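There are 2 protein chains.
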Amino acid sequence: MLRFHFIKLTSLFPPKPSPFPLRSQMGSFSTSTSSSSKLLFRQLFEKESSTYTYLLADSSHPDKPALLIDPVDRTVDRDLTLIKELGLKLVYAMNTHVHADHVTGTGQIKGKVPDVKSVISKASGAKADLHVVPGDKIHFGNLFLEVRATPGHTAGCITYVTGDGPDQPQPRMAFTGDVLLIRACGRTDFQGGSSEQLYKSIHSQIFTLPKDTLIYPAHDYKGFTVSTVGEELQYNPRLTKDEETFKNIMANLNLSYPKMIDVAVPANLVCGIQSETN
Amino acid sequence: MLRFHFIKLTSLFPPKPSPFPLRSQMGSFSTSTSSSSKLLFRQLFEKESSTYTYLLADSSHPDKPALLIDPVDRTVDRDLTLIKELGLKLVYAMNTHVHADHVTGTGQIKGKVPDVKSVISKASGAKADLHVVPGDKIHFGNLFLEVRATPGHTAGCITYVTGDGPDQPQPRMAFTGDVLLIRACGRTDFQGGSSEQLYKSIHSQIFTLPKDTLIYPAHDYKGFTVSTVGEELQYNPRLTKDEETFKNIMANLNLSYPKMIDVAVPANLVCGIQSETN
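The listed protein sequences correspond, in order, to chains A and B.
In this text, residue positions in the first sequence follow the working numbering: the first is 1250, and each later residue adds one.
In this text, residue positions in the second sequence follow the working numbering: the first is 1250, and each later residue adds one.
These are calculated hints, taken from the structure and not from any lab test.
Fair warning: there could be bad hints in the mix.
No copy labels: a pair is met if it fits in one copy or bridges any two.
[What the hints assert, rightly or not] Cross-link-like lysine-lysine pairs, in silico, DSS-like; alpha carbons within 27 Å at most:
1) Lys1338 x Lys1471
2) Lys1296 x Lys1386
3) Lys1471 x Lys1359
4) Lys1361 x Lys1386
5) Lys1361 x Lys1471
6) Lys1333 x Lys1471
7) Lys1471 x Lys1313
8) Lys1508 x Lys1296
9) Lys1460 x Lys1338
10) Lys1366 x Lys1471
11) Lys1490 x Lys1333
12) Lys1508 x Lys1496
13) Lys1366 x Lys1449
14) Lys1361 x Lys1371
15) Lys1313 x Lys1366
16) Lys1460 x Lys1333
As the structure is a prediction and not an experimental result, all values here were calculated from the model.
For reference, chain A alone in the conformation it holds in the complex (with noise of 0.2 Å):
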């Protein structure tokens, strides 16, 4: 049985050198007997906030440790399901950030699995298991994420970056929650949010990544599943502007208020627990 007690973020899954570089890949079944950790990856869609969730695991580590990004509570019992099937043990449900279009799962996920962590940043001022801030490492099995800071649609928001090492996928994932968004971004209107920090964020902590990073936001709207930093490096229509352009273009965006703001914010700010009172 597996415990955990943190204080500090660490883990019953410390990191072990591997000397084979692995690659990353889509919906990896778990087959493999080498001694380098193989991630297990999905990208999981919610339609009606075109939210994506993402389940990542170390499938070579003997607990199959498992954690989900941004879940969504209409799909938490969808993601359940396949972790269960996958033979996993789930041990965080993370958020980049405090939503404002849909309520996290990450309160349903704990009353379904008591053992599992939820964790979002220090800086969002939400409730959550665990708190992380710039530098933190996160390790699941032997693999791990790594926190960056990258504010700017909501003060609080983060990226989680797959580690960098030769034991860790290839290339490199970034999980970029509203922050990039696939050639667009989140936008900068509320809950602390700002053009002028999402810029120097996205430039500074993203695009100094290998081109070949993967780039999975929370959302696409338009179909598409992934992007990399050398594509939005080359097209993406606001990221490519100098800092003042891009700032005049996110003043002007003229978007409506967010329907769901009113119910989610609240929510996501306890983890997704309503009722939660303390």
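Given chain A, put chain B in place with the hints provided.
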């Protein structure tokens, strides 16, 4: 300038063996400088019909030859823009079958990119530049797809499977159209459908592939993006049943008449060119 002359399905890009195995990966941005082939792969979603379109290219070949599987008319511009941005040369616009729920994008694509050849099975009865039969190989650069006959949803359904060889993607990938869906399968009550054939097709042509083979269907309605042969063998609620039970399930689905069928099928029988007269 590339030119294409086809009688039987051949290609200007013959396969070249390589000692280096390569792994399929989602959204690979071609940066390879090795002599081995590298698959660039993108999964694209069309929300109205919940259709997946797949883009595959050999990004290590100087011409970066690419193909689209099951393009949708509504998303042709998105797909062609992506292909242009990635620096690919679209060679084939392929269908797994004559779709009843959406109009294929092949007609529009041929109008916008004249060198592209439309591909469909001979058994479909549909018009196309190239008709494939089971056992054909469709080469793009040093990579190729195999054609497998998987009738049952329609009489002309085929499954495209990435090649078996040291220089082909590992794990293999099967583009199953509407035959095998994730935890489901296509209906069998129109267009020459047959539950008996569907059951035999999946068990003989798909479930015999290695268990880690990635299943990429033409549709998903629950937000799944991929499965594996191993998963479907174990968890598909219909195909894990014996043949008689399966046939009973399929005979009692009580599905409504497909709302697009009377528009989509006639259009798709001529590659999505509704005004074509010859």
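Now the hints, each set against the structure:
{"no.": "1", "hint": "Lys1338 x Lys1471", "verdict": "between (32 Å within a copy, 22 Å between copies)"}
{"no.": "2", "hint": "Lys1296 x Lys1386", "verdict": "neither (31 Å within a copy, 36 Å between copies)"}
{"no.": "3", "hint": "Lys1471 x Lys1359", "verdict": "between (32 Å within a copy, 22 Å between copies)"}
{"no.": "4", "hint": "Lys1361 x Lys1386", "verdict": "within (26 Å within a copy, 48 Å between copies)"}
{"no.": "5", "hint": "Lys1361 x Lys1471", "verdict": "between (33 Å within a copy, 20 Å between copies)"}
{"no.": "6", "hint": "Lys1333 x Lys1471", "verdict": "between (30 Å within a copy, 17 Å between copies)"}
{"no.": "7", "hint": "Lys1471 x Lys1313", "verdict": "between (33 Å within a copy, 24 Å between copies)"}
{"no.": "8", "hint": "Lys1508 x Lys1296", "verdict": "both (16 Å within a copy, 20 Å between copies)"}
{"no.": "9", "hint": "Lys1460 x Lys1338", "verdict": "between (32 Å within a copy, 21 Å between copies)"}
{"no.": "10", "hint": "Lys1366 x Lys1471", "verdict": "between (32 Å within a copy, 26 Å between copies)"}
{"no.": "11", "hint": "Lys1490 x Lys1333", "verdict": "between (45 Å within a copy, 21 Å between copies)"}
{"no.": "12", "hint": "Lys1508 x Lys1496", "verdict": "within (24 Å within a copy, 45 Å between copies)"}
{"no.": "13", "hint": "Lys1366 x Lys1449", "verdict": "neither (31 Å within a copy, 45 Å between copies)"}
{"no.": "14", "hint": "Lys1361 x Lys1371", "verdict": "within (25 Å within a copy, 50 Å between copies)"}
{"no.": "15", "hint": "Lys1313 x Lys1366", "verdict": "within (16 Å within a copy, 45 Å between copies)"}
{"no.": "16", "hint": "Lys1460 x Lys1333", "verdict": "between (35 Å within a copy, 18 Å between copies)"}
The structure fails to meet hints 2 and 13 from the earlier list, while all remaining hints are met.
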